[in-house]
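Undergrad: One line per chain: the protein sequences are C and F, in this order.
Under my numbering, think of the first position of the first sequence as 1, with each following residue one higher.
Under my numbering, think of the first position of the second sequence as 1, with each following residue one higher.
It is worth saying that the hints were derived from the structure and are not from the lab.
Quantities reported herein were computed from a predicted structural model and do not represent experimental measurements.
A hint or two may mislead.
Unchecked claim - Derived DEER-like restraints, expressed as beta-carbon distance ranges:
no. : chain 1 : residue 1 : chain 2 : residue 2 : range
1   : F       : Gly85     : C       : Val115    : 55 to 61 Å
2   : F       : Asp149    : C       : Asn2      : 28 to 34 Å
3   : F       : Gly69     : C       : Thr30     : 55 to 61 Å
4   : C       : Ile82     : F       : Asn40     : 49 to 55 Å
5   : F       : Gly69     : C       : Asn11     : 49 to 55 Å
Here a beta-carbon is modelled for each residue, glycine too, at the ideal position from N, C-alpha and C.
Residues per chain are reported as follows:
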Amino acid sequence: MNAILDKLFLNTTKFIAIAVLLIVAWIFSTLIEHSMVSLEAFGFSFVTESKWAPNLEKFGALPAIYGSVVSTFLAMLLAIPIAIGIAIFLSELAPPKLKSLVGVSIELLAAIPSVIYGMWGLFYFVPIIRDIFGGIGISMLTAGIVLSIMILPFMAAVTRDAMNTTPDILKESAYALGGTRWDIIKDIVIPYAKAGIIGSFILALGRAIGETMAVTFVMGNVHKISLDLTAPATSIPVTLANEFTEADTDLYYSSLFELSLILLIISFTIISVAKFYFLRRKRSF
Amino acid sequence: MATIVNIKEEKALVVKDFEFTYASADTPSIKKLDMPVAKNSITALIGPSGCGKTTLLRSFNRMHDLYPGNRYDGKILFKEKNILGPKIDLINLRIQIGMIFQKPTAFPMSIFDNVAYGMKLQGIKNKTELYDRVEKALRDAAIWKEVKDRLKHDANGLSGGQQQRLCIARAIAVEPEVLLFDEPTSALDPISTAGIEELIIELRERVSIVIVTHNMQQAARVSDYTGFMYLGELIELGRTEELFVTPKEKLTEEYITGKFG
Chain C
1 MNAILDKLFL NTTKFIAIAV LLIVAWIFST LIEHSMVSLE AFGFSFVTES KWAPNLEKFG
61 ALPAIYGSVV STFLAMLLAI PIAIGIAIFL SELAPPKLKS LVGVSIELLA AIPSVIYGMW
121 GLFYFVPIIR DIFGGIGISM LTAGIVLSIM ILPFMAAVTR DAMNTTPDIL KESAYALGGT
181 RWDIIKDIVI PYAKAGIIGS FILALGRAIG ETMAVTFVMG NVHKISLDLT APATSIPVTL
241 ANEFTEADTD LYYSSLFELS LILLIISFTI ISVAKFYFLR RKRSF
Chain F
1 MATIVNIKEE KALVVKDFEF TYASADTPSI KKLDMPVAKN SITALIGPSG CGKTTLLRSF
61 NRMHDLYPGN RYDGKILFKE KNILGPKIDL INLRIQIGMI FQKPTAFPMS IFDNVAYGMK
121 LQGIKNKTEL YDRVEKALRD AAIWKEVKDR LKHDANGLSG GQQQRLCIAR AIAVEPEVLL
181 FDEPTSALDP ISTAGIEELI IELRERVSIV IVTHNMQQAA RVSDYTGFMY LGELIELGRT
241 EELFVTPKEK LTEEYITGKF G
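All chains, please: the whole structure from these sequences, using the hints.
TA: Okay, structure coming up:
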């Protein structure tokens, strides 16, 4: 009897685990199926064409891809140094009480739903950007800033966790040679945790590139590639969020699906690189 | 009170009325301890787990200061100065009193950079001087032949025994006066252990050594003096051959004959 129960338990959990794989495959196949009309109509030129004109039935994904890449790049540029600073403080410098207080606050920040970052950005950052840089305030730059604030807590928390994996005995050895705190941070902790830190950055990048609600409010959904960061722009998720309800032709509808397929592939690639290359388990002390 | 043999040599360290209390503890882990450490000899500290031998060792280079709230009382004299005093420059102290840990701790850098690290911390930049001193340290640690063709390789590619000798090379490269060994062979196989022990004995000519070991045979093999600690107190310090053959204290005798511990 026990053997049967055991087997039942094994098979149930196995089935549930496999179901996850099936769902991923299902989503992928749905996206491909719905993208077919657009894939056949435009082929590879879909990703190189910069004109997006639903009324002319012309769809080019380049502005959305460009917007996704640039806004994410801006966000990373702003967030990385601050995240490293917070992580160094939390893992190496802060007194224990402050460590847990700030640590918990950062994890709370990471729990804020992204739509709130979007609303806050619209009412708070848009006017500031408008006052400082001119333009209408709804722009690539605003999206980059709001995204950076959104991914910052996650990045700081994961970077801190990576730094915390540095064995005490390794740090003590460096102190025992007459190192200062700064020596230990730059020569021991950061090199030791490097792979984990880069991995966490890439995971954050994956979140940023697929982020929808935080940027939909502040980016503008304008399909135009502009080198001016204060000009409105769009990204793949922003386009999807804004335009699905308006997709009145098969080609329009299918083009949006192809956009989402591109986003999915980008995200998968990023997460895979992070997981398999950087976040492998290290030997432990 | 403790039976402490009269030491004829000069003293590298003198512990006086020393107490140590961990941040989380109400009572001291080391109580009213007096102990001399002879210069250019090897002093082993033995005793059951939790007796305070590692705690005492880590007081000699103020390692406890890395964690807030720990308290030292009494004195530890090094070159006639109390190293527990508030004005002591910890960085300078740790350059003069080096430490080797229970597990090999190769830094995430090349073999050369590992050995050069302490010198670089002191601001030595001259390439030829660095190279000469790295080579000398590696020769003195009896590992030069094994690593001379791969100095640029990652130090974590070495075996455990090699890494521990690398750590010793790293520690002696800054020419300390005292070296503290905290169970340096507990993670090593018997052959590597024998190599490290031989090395420790050779180092005696240049540095004063304190070694904590859980292995009484090791203490008997390598040390000149042995201190037996129990429940935070030094019970007996004697010349090693005398302490193991004719212990003065009953507790020491019971411990070395395996009646407890």
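Undergrad: Starting from the range 28 to 34 Å, see whether the pair F:Asp149 and C:Asn2 falls in it by beta-carbon distance.
TA: Between F:Asp149 and C:Asn2, where Cβ atoms are some 60 Å apart, the hint is violated.
Undergrad: Does the Cβ pair F:Gly69, C:Asn11 satisfy 49 to 55 Å?
TA: holds (53 Å)
Undergrad: Verify the CB-CB distance for F:Gly69 and C:Thr30 against the hinted window 55 to 61 Å.
TA: holds (58 Å)
Undergrad: Mind checking the hinted window 49 to 55 Å against the Cβ distance between C:Ile82 and F:Asn40?
TA: holds (52 Å)
Undergrad: If you check the beta carbons of F:Gly85 and C:Val115, does the distance land in 55 to 61 Å?
TA: holds (58 Å)
In summary, the structure is inconsistent with hint 2 from the numbered list given earlier, while agreeing with all the others.
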